[in-house]
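Colleague: Heads up: the sequence lines are chains H and W, in that order.
Under this note's numbering, residues 1382 to 1501 are what the first sequence spells out, in order.
Under this note's numbering, residues 20 to 152 are what the second sequence spells out, in order.
No wet-lab data here; the hints were simulated from the structure.
Keep in mind it's a predicted model, so treat the numbers as computed, not measured.
Ideal placement from N, C-alpha and C gives every residue a C-beta, glycine not left out.
Where hints are given, some of them may not hold.
[Said to hold, decoys possible] Straight-line Cα separation of at most 25 angstroms, DSS-like style, residue types lysine-lysine; simulated pairs:
{"hint": "1", "chain 1": "W", "residue 1": "LYS46", "chain 2": "H", "residue 2": "LYS1441"}
{"hint": "2", "chain 1": "W", "residue 1": "LYS48", "chain 2": "W", "residue 2": "LYS65"}
{"hint": "3", "chain 1": "W", "residue 1": "LYS48", "chain 2": "W", "residue 2": "LYS95"}
{"hint": "4", "chain 1": "W", "residue 1": "LYS39", "chain 2": "H", "residue 2": "LYS1496"}
{"hint": "5", "chain 1": "W", "residue 1": "LYS46", "chain 2": "W", "residue 2": "LYS82"}
{"hint": "6", "chain 1": "W", "residue 1": "LYS39", "chain 2": "W", "residue 2": "LYS82"}
{"hint": "7", "chain 1": "H", "residue 1": "LYS1441", "chain 2": "W", "residue 2": "LYS65"}
{"hint": "8", "chain 1": "W", "residue 1": "LYS144", "chain 2": "H", "residue 2": "LYS1496"}
{"hint": "9", "chain 1": "W", "residue 1": "LYS46", "chain 2": "H", "residue 2": "LYS1496"}
[What the hints assert, rightly or not] Here are the simulated distance ranges between beta carbons:
{"hint": "10", "chain 1": "W", "residue 1": "SER42", "chain 2": "H", "residue 2": "GLN1463", "range": "27 to 33 angstroms"}
{"hint": "11", "chain 1": "H", "residue 1": "SER1464", "chain 2": "W", "residue 2": "ASN151", "range": "29 to 35 angstroms"}
{"hint": "12", "chain 1": "H", "residue 1": "SER1464", "chain 2": "W", "residue 2": "ARG59", "range": "20 to 26 angstroms"}
{"hint": "13", "chain 1": "H", "residue 1": "ASP1434", "chain 2": "W", "residue 2": "GLN23", "range": "17 to 23 angstroms"}
{"hint": "14", "chain 1": "W", "residue 1": "LYS144", "chain 2": "H", "residue 2": "ALA1493", "range": "19 to 25 angstroms"}
{"hint": "15", "chain 1": "W", "residue 1": "GLU96", "chain 2": "H", "residue 2": "ARG1420", "range": "14 to 20 angstroms"}
{"hint": "16", "chain 1": "W", "residue 1": "GLY64", "chain 2": "H", "residue 2": "ASP1434", "range": "25 to 31 angstroms"}
{"hint": "17", "chain 1": "H", "residue 1": "ARG1420", "chain 2": "W", "residue 2": "ARG59", "range": "23 to 29 angstroms"}
{"hint": "18", "chain 1": "W", "residue 1": "ASN151", "chain 2": "H", "residue 2": "GLN1463", "range": "34 to 40 angstroms"}
{"hint": "19", "chain 1": "H", "residue 1": "THR1454", "chain 2": "W", "residue 2": "PHE57", "range": "24 to 30 angstroms"}
{"hint": "20", "chain 1": "H", "residue 1": "VAL1452", "chain 2": "W", "residue 2": "ALA147", "range": "15 to 21 angstroms"}
{"hint": "21", "chain 1": "W", "residue 1": "ALA107", "chain 2": "H", "residue 2": "LEU1492", "range": "20 to 26 angstroms"}
[What the hints assert, rightly or not] Covered stretches of chain W (chain H as the covering partner; in silico rule of three or more C-beta atoms under 8 angstroms from a C-beta of chain H):
{"hint": "22", "region": "79-88"}
{"hint": "23", "region": "118-124"}
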Amino acid sequence: MVQKAFARRVAETHEPEQSLDRKIDRSGQAKPGRALERRGAIVSGTNGRFVTDGPFAESKEAVGGYLVLDVETMDEAITIAQSSPGLAYGGSIEVRPVADECPLDVRERELAQEKQLATV
Amino acid sequence: MNTQNHNGYILLFRGNDWLKNLSSEEKQKVTDQWMAWFRRLTDEGKAVAGNPLEREGKIVSGKNRVVSDGPFAESKEAIGGYFLLDVATMEEAVAIAQECPGLPYGARVEVRPVAAECPVASELKHEAQFANA
Chain H
1382 MVQKAFARRV AETHEPEQSL DRKIDRSGQA KPGRALERRG AIVSGTNGRF
1432 VTDGPFAESK EAVGGYLVLD VETMDEAITI AQSSPGLAYG GSIEVRPVAD
1482 ECPLDVRERE LAQEKQLATV
Chain W
20 MNTQNHNGYI LLFRGNDWLK NLSSEEKQKV TDQWMAWFRR LTDEGKAVAG
70 NPLEREGKIV SGKNRVVSDG PFAESKEAIG GYFLLDVATM EEAVAIAQEC
120 PGLPYGARVE VRPVAAECPV ASELKHEAQF ANA
């Protein structure tokens, strides 16, 4: 019952969500984005010896889809995220800057520089 | 689980708390291995996109569209990056995930099939068919 009600609400909001996609597409701000199936696997452990089912379809933290945006600032990205109709029904959107290079490398360089400064 | 999927698979690299236990040399080693791994998958035509994410970001949620800071720095669940794979089966995608150089140190890889259409939309279609039958 709850699910039915939810499905109805989603039916009402799904159309706007699609047009949001199209709108962003037209403005040239969106690169490919897709929905993800609700099933999957988690691989962990040395040589990936643990393969478990997951994430759970009803999980609050599960990722349902993604959109890569071609915008310059966090503010622009947040504004686009805020225009998602799913928010009103309990969805949330994680907004993350794509890195030029691996943040690990950057952190290593910073540490090396700090070390160098410390020894001067 | 091993049905064909022509939309490909995504690998989500979860957790970056495992990194803090590594020495600089180990971090460098893992990073180099990771880059070589991605280059090889790209050369083989199996990886079509991939990006690391910055360790900062925001969460937008709720009716009021509230913006809050996310715990991305040292979290077990935080996503550190992704690869988009052009392979046809879950089995192949899992086999690639098992090559991840971070696994021996505690990294976890989430493997998800990319959907042809939004799963919510296909569920609605299914429900409508069921109701009409």
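Colleague: Hint by hint, work out which the structure violates, then give me just those numbers in ascending order.
Modeller: 1, 5, 6, 7, 8, 10, 12, 14, 20 and 21
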